[in-house]
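Kindly generate the complete structure, drawing on both the sequences and the hints.
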Amino acid sequence: MSDDYATAIRKAFQGEVYGEALFRGLAERTTDATRAHKWRALERLETETKERIRPLAEQICGEIREDASERERGEKDAAKFSPIPWPSLMGAFRNELLNFVAGFEELEAEGPDEDRALLQQITAHERALLAFAEREVDGRGDVSLEPVLDLLAEPPPRS
1 MSDDYATAIR KAFQGEVYGE ALFRGLAERT TDATRAHKWR ALERLETETK ERIRPLAEQI
61 CGEIREDASE RERGEKDAAK FSPIPWPSLM GAFRNELLNF VAGFEELEAE GPDEDRALLQ
121 QITAHERALL AFAEREVDGR GDVSLEPVLD LLAEPPPRS
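So the sequence shown is residues 1 to 159, counted in our numbering.
Quick caveat, the hints were computed from the structure, so don't treat them as lab data.
Ideal placement from N, C-alpha and C gives every residue a C-beta, glycine not left out.
Take every hint as true, because none was put in to throw you off.
Per label pair, the in silico range of CB-to-CB distance:
(1) Ser82 / Glu154: 22 to 28 angstroms
(2) Pro87 / Cys61: 37 to 43 angstroms
(3) Gly141 / Glu105: 24 to 30 angstroms
(4) Ala6 / Gln120: 18 to 24 angstroms
As structure tokens, this is what we get:
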């Protein structure tokens, strides 16, 4: 097992910690119930993906703990991003996710065969986030969550 692979898996796990805090913070800061539900669904996707990654991360990295600095960074970014108008935020989100999808596609292609199914799930999760943002940018907010909800074992309740 290469150090680069172990680092990538650790980084993927901690990235989910960050995303979970980011989306939770954004949900808590909006007054729009529909958007809050969307942020909660994205938060749930991060949580479920983090827990899927955990066994592999612990297998190759030893005991893994959620990095408090990643959680704090997510919370700070939520405060920073929440005042941004929705169309601008979704455009920036989409652009950022393009890089994440490419990075996870590369990890999936280069990872060991025995981890392929999990790596495909991680990439699928990033693609679902990207599809969400693209649909929002395209004005299709009524169907933007579908790719995310399709991956969730436990979707958040609508409030």
